[in-house]
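A.B. asks: Sequence:
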Amino acid sequence: MNAALRLFSSTLEDAPQYLKPVWVRIYVFTFFSCIYEAIGDISKYRNANLNVCLHFQWEEVSIMDEKNIPIRTYQVCNVLEPSQNNWLRTDWIPRSGAQRVYVEVKFTLRDCNSLPGVTGTCKETFNLYYHESNDDRESYIKESSFIKVDTVAADESFTQVDVGDRIMKLNTEVRDVKVTTRKGFYLAFQDVGACIALVSVRVFYKTCPLTIRNLATFPDTVTGADTSSLVEVRGSCVNQSEEREEPKMYCGADGEWLVPIGGCLCNPGYEDKGGACKACTAGFYKAKSSDVGCSKCPPHSHSLRDGATVCDCHSGYYRADTDPPAMACTQPPSAPQQLISVVNKTSVVLEWSPPRRLGGRSDTSYKYPRLGSDSGSGSQLCLPCGSDVVFSPGQTDLKATRVVVSELRAHTHYTFIVQAGNGVSQISGAGTAQSVSVTVTTNQAAPSPVSSIQATDVTRHSLSLSWQQPDRPNGVILEYEVKFYEKDQRERSYRIMRTFSRSVDVTGLNPLTVYVFHVRARTAAGYGEFSASFEFSTNSDPFPLIGEGVNSAFLLLSVSGVGILLLISAAVFIISRRRSKYSKTKQDSEEEKHLNPGVKIYVDPFTYEDPDQAIHEFAKEIDVSSIHIERVIGMGEFGEVCSGRLRLQGKREIYVAIKSLKAGYSDKQRRDFLSEASIMGQFDHPNIIRLEGVVTRCKPLMIITEYMENGSLDAFLRKHDGQFTVIQLVGMLRGIASGMKYLSDMSYVHRDLAARNILVNSNLVCKVSDFGLSRVLEDDPEAAYTTRIPIRWTAPEAIAYRKFTTASDVWSYGIVMWEVVSYGERPYWDMNNQDVIKAIEEGYRLPAPMDCPVVLHQLMLDCWERERAERPTFSQILNMLDKLIRNPGTLRRTGGERPTATMLESGVGSEVCVSVVPEVCMPEWSVCEWLQSIGLERYRDTLAAAGYTSLDSLLALTHQ
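Take 1 as the starting number for the sequence shown in the working numbering and just add one per residue.
The set of hints was computed from the structure by calculation and includes no laboratory data.
Check before you lean on any hint, since a few could be wrong.
Simulated restraints on C-beta separations [stated by the list, open to error]: (1) T211 to H616: 32 to 38 Å; (2) P94 to N832: 41 to 47 Å; (3) E232 to N832: 41 to 47 Å; (4) R137 to E630: 16 to 22 Å; (5) W829 to V233: 56 to 62 Å; (6) G429 to L478: 22 to 28 Å; (7) N443 to S365: 27 to 33 Å; (8) E630 to D254: 33 to 39 Å; (9) K296 to R697: 24 to 30 Å; (10) T805 to K296: 54 to 60 Å; (11) L478 to V343: 54 to 60 Å.
Think about it this way: if two alpha-carbon atoms lie no more than 25 Å apart in a straight line, the pair counts; the simulated DSS-like pairs of lysine-lysine are [as the list claims (entries may be wrong)]: (12) K183 to K142; (13) K123 to K169; (14) K142 to K178; (15) K600 to K367.
Cβ coordinates follow ideal geometry from the N, Cα and C atoms, glycine included.
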C-alpha cells in the first residue's frame with residue numbers, strides 16, 4: 001500500500017537551528033512497503049505486494065506523539081528470528097540540480113536488553129541505502145542495485161517500561177549522500193533485526209541563498225558535490241550600477257558565501273542604499289561612480305530633478321570647465337583698484353590694488369593690453385604699439401600687482417589697460433567691466449645701443465669701422481663714441497674716438513693683434529649704452545685681409561693655423577679636465593666607501609606616527625586590477641589567505657599569496673596588518689620571503705608576497721617523513737641560517753623563529769617568514785607566560801626577562817634544527833609550557849632525534865647554551881654548515897655510534913673540526929672519497945693532474 005510519510009515540520013522556523021541558513025528543499029514522499037497479515041504462526045506470513053518490495057515485515061502504524069497528536073510511522077520488530085533482512089523504500093525523489101543531499105531520519109529504537117530471550121538475534125541499528133535513477137517508475141529494484149550510505153545507530157533507546165510511562169525517546173540522525181549522475185534517486189531502509197519505528201524522514205539539499213554583496217546580485221546557488229568544494233559564482237550588477245571589477249564569490253559546502261571579489265559602483269546620479277542604487281534627490285548630486293554617495297549641491301547652485309550628476313549654477317554665477325562639480329559656482333572679479341603709474345624716461349612702472357570683489361575664487365590674474373600710442377604732435381590718432389615693448393614679469397596671466405614696461409619711445413603718449421580675470425571671466429562674457437586704464441607720456445631718453453659693427457680695409461696698422469643708426473635713437477644723434485683696446489689688455493688700457501658720421505678709420509694699431517670695439521650714440525638726453533663687443537684682427541702684411549685685394553692663400557693658411565691651434569688647446573684642456581675628474585672621482589669613491597660600508601639597518605615601522613608613511617616608504621603600491629585571486633588556501637589572523645596571479649606591466653605573470661584584511665577592522669588592526677608589510681619590504685634576500693607589494697587605496701587591504709608551493713616547513717616535513725637525505729636536510733638548515741644571518745646583520749630580531757614560520761617553495765628553498773610577533777610583545781607586556789608566546793622555541797632569558805636578541809634567535813634556530821632532523825616532530829612532545837620552562841632551567845635539553853648525526857646534535861646543544869654569550873652567531877653557524885656540506889663524511893656518525901681509535905687514526909687525512917663550541921673533530925675526506933660520495937669519481941685524475949689534491953684546494957676552482 002502507498003502511504004504519505006508525514007514530517008514533523010516543513011517550515012524553516014521549526015527546523016533545527018543549524019539547518020536554518022542553508023536548507024531549501026524538503027521532499028514529502030511516499031514509501032513503498034510490504035505489509036504482512038498474520039494468519040497463524042509467524043512463519044506463515046504471506047506477501048501482500050511482491051512486485052514492489054524487496055523484503056517484508058515493515059508495518060505502517062498510527063501512534064500518538066508526546067503531544068497526543070496521532071502520527072503515522074513505519075515500524076518493524078522481528079527480533080525472535082535471526083538473519084532478518086527487511087526493506088522499506090521511498091518513491092522517486094527528483095534531484096533538482098542538487099549534487100549532495102541530506103537525509104534526516106527521526107526514529108525510536110528499543111533496547112535489546114529489555115527483550116528477554118532474544119540474545120544473538122536482536123540488533124540496535126539499521127542501514128540506509130540509495131539508488132540513483134532517471135526513471136521515476138521503477139517498481140522493482142534489486143537489492144544489489146542499492147548503494148549503502150551508512151549504518152545508523154540510536155543515541156537513546158527505550159524499554160517497555162518507557163513506553164508504559166509514555167516516554168518517547170526520539171533519535172534524530174542526518175546523513176549526506178552525493179548524487180550527481182542521474183535525474184533522481186530512491187532511498188531505502190534495511191532492518192537487520194531491530195525493534196525500530198521510523199517517525200519521519202526529511203530529504204533536503206543546501207544552497208547559498210540569493211544575496212547582494214558590493215552592489216552585485218548573486219543568485220540562489222546549489223552547493224558543490226564535495227564537502228570541501230567551492231563553487232565560483234559571478235554576480236551581476238544591480239540596476240543603475242556599473243562593474244568596477246568582475247564581481248565573484250564562492251559558495252561553500254555549508255551554504256555560506258565566501259571570499260567576495262570585485263563589485264559594482266552606482267552610476268553617476270545614484271547612491272548605494274541598502275544594496276540598491278537609488279537616485280539622488282533634488283538638491284543633491286553625484287558626479288562620478290567612484291564617489292561615496294550623493295552630496296548636497298555646492299553654494300550658488302541647484303538641482304531640480306532626481307538623479308542629477310551635476311548641479312546647475314544660479315543666474316549670474318558660473319563654473320569653469322576645470323572646476324570640479326563639488327566646487328561652488330563663482331563670478332568674475334571686479335576691476336583692479338588704485339592704478340598708479342611712474343614714468344622713468346622710456347620706462348613706466350604700473351601698480352594697483354587687487355579687486356574689491358574676487359568672485360569667490362582664488363585664481364585671479366591680470367593682463368596688460370596697450371591701446372596704442374601717438375607721437376605727441378597734437379594729433380589724436382592712436383597708433384599701434386610696437387612689438388618690441390618689454391613687459392616684466394609679463395603681459396598676461398600674471399599674479400603680481402606690479403609690472404614694469406620698458407623699451408618705449410621717448411616723448412610718446414601711451415594708454416595702458418589693466419584687466420582682472422579668473423577662471424569664469426570668459427564664460428561670463430565680462431570684458432572691460434573688470435579693467436582700469438591709465439595714459440602716460442614718456443620723457444626724453446638716451447638712444448639705444450648700436451646693434452652691429454662691420455670692419456673693412458684691414459691692414460697691418462689700421463682698419464675702417466662702420467655701423468647703423470640705433471633702432472631707437474630717441475631724438476637727434478649728435479655724435480658717436482668708439483672705444484677700443486687690445487683683447488689681451490681686457491679694457492685696462494683703451495682709447496676713445498668720436499665722430500659725427502656712422503663710420504671711422506682707426507689707425508696706429510699693432511700688426512697681428514686682436515682688438516675689441518664698442519660704439520655708443522649721444523643725443524641731447526646724453527649717451528646711450530655701449531654696444532656689445534666686436535673683435536677684429538690686424539694683418540701681418542701690407543695686403544688687406546678683408547675687402548678688395550685680399551690674399552686668399554694667406555687667408556686660408558692663417559685660418560687653418562688658427563684652427564689647428566684651437567683644436568690642440570681644446571684637446572689638452574679636455575684631457576687635463578678628465579684626468580683631474582677621474583682622480584677626484586676615484587678619491588671621492590674611496591672616501592665614500594670608507595665612510596659608508598653599505599650596511600643596511602632595519603627601521604622599526606612602529607616609530608612612524610603615520611603607518612601609511614612607513615608602508616609607502618618600504619612597500620610598493622599595486623593596482624588591484626593587476627591581481628587575480630584564484631582560491632582560498634587558509635585563514636590568517638586578519639582574514640583569508642588566497643593564492644592567485646600578479647601581472648605587472650612589462651613583467652611576466654607570477655603566482656603570489658594574498659593576505660586580505662577582513663571587513664570591520666579597527667585602526668589598530670589596520671596598523672598591525674600593514675606593519676608586517678613595512679617590515680618585509682625592507683628585506684631583500686633569497687632566504688627571506690619576498691614582498692611583492694600592497695593594496696591600500698581600495699578595500700579590502702591586501703599584502704602580496706611570493707607564493708611558496710610547499711607551504712610551511714613543519715607540515716611539509718611531516719608529509720614527507722624520512723624521504724630526504726641528511727645532506728638535503730642540512731641544505732634546508734643552511735638556507736634558514738643564511739636568511740637569519742641577513743636579518744641579524746640588519747639588527748632585526750625575529751622573536752618567533754620556528755619551522756611553522758619557514759616556507760618552502762617547489763625547489764625546496766626555505767625562506768623565513770611571519771614577522772608579526774614583535775607586535776604581540778609590544779602590545780601585551782604580560783604575554784611572557786601566555787600561549788601567545790612560543791615557549792618551546794624561546795630562549796630562557798627571553799621568557800624570564802624579555803631579553804630578545806640575535807642570541808635568543810640562535811636558541812630558536814637550534815629548536816628548528818631539531819624539528820627538521822625529526823621531520824616536524826613537536827618539541828618537548830606533550831609537556832606543558834610550565835614543565836618545559838622548569839626542565840630547561842634544570843639543564844634538560846632535547847635529545848638527538850633518530851639517525852641524527854652527532855655533529856648536528858652538538859650544534860643544537862651549542863645553540864642551547866644557558867649563557868647567550870656562549871652561543872654561536874649565525875655567521876659561525878653558516879660556516880659550520882658549509883663545512884659539513886663540503887665534508888659529507890662527518891655526517892655519517894649518528895648518536896648510536898662512539899668514536900674509536902680506528903676512526904680517528906685511519907690515515908684518511910687530517911682531522912676537520914666541525915663543531916663551534918666545543919670542538920668535535922672528525923677525519924677529513926680525500927678528494928677521491930668525496931668525489932665517490934657524490935658520484936663524480938670520473939674526474940679524479942683530471943683534478944689530480946691540475947694540482948687539486950685536498951678539499952680546501954677545490955675552493956679555488958672557477959667555472960673555467
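A.B. asks: Give a verdict on every hint.
C.D. replies: Going through the hints against the structure:
1. The supplied range of 32 to 38 Å is met by T211 and H616, whose beta-carbon atoms lie about 35 Å from each other.
2. For P94 and N832, the hinted distance range of 41 to 47 Å is not satisfied, since their beta carbons lie about 56 Å from each other.
3. Distance hint check for E232 and N832: the Cβ-Cβ separation is about 44 Å, which falls inside the suggested range of 41 to 47 Å.
4. Range check, R137 to E630: Cβ separation about 45 Å, and the 16 to 22 Å hint is violated.
5. Distance hint check for W829 and V233: the Cβ-Cβ separation is about 46 Å, which falls outside the suggested range of 56 to 62 Å.
6. Distance hint check: the CB atoms of G429 and L478 are about 53 Å apart, inconsistent with the given range 22 to 28 Å.
7. A hinted range of 27 to 33 Å holds for the C-beta pair N443 and S365, which are about 31 Å apart.
8. Under the hint 33 to 39 Å, the C-beta atoms of E630 and D254, about 21 Å apart, miss the expected range.
9. A hinted range of 24 to 30 Å for the beta carbons of K296 and R697 is consistent with their spacing of about 26 Å.
10. Checked against the given bound of 54 to 60 Å, the beta carbons of T805 and K296, roughly 58 Å apart, stay inside it.
11. Taken as a hint, the range 54 to 60 Å is violated for the pair L478 and V343, whose Cβ atoms sit roughly 24 Å apart.
12. For the proposed pair K183 and K142, the alpha carbon gap of about 19 Å is at most 25 Å, so the pair holds.
13. Proximity of K123 to K169 is assessed by CA-CA distance (about 17 Å); at most 25 Å being required, the pair is judged to hold.
14. For the hint pairing K142 with K178, the CA-to-CA distance comes to about 20 Å; that is within 25 Å, so the pair holds.
15. Restraint check for K600 and K367: the C-alpha separation of about 55 Å exceeds 25 Å, so the hint is violated.
Hint check: violations occur at hints 2, 4, 5, 6, 8, 11, 15; the rest are consistent with the structure.
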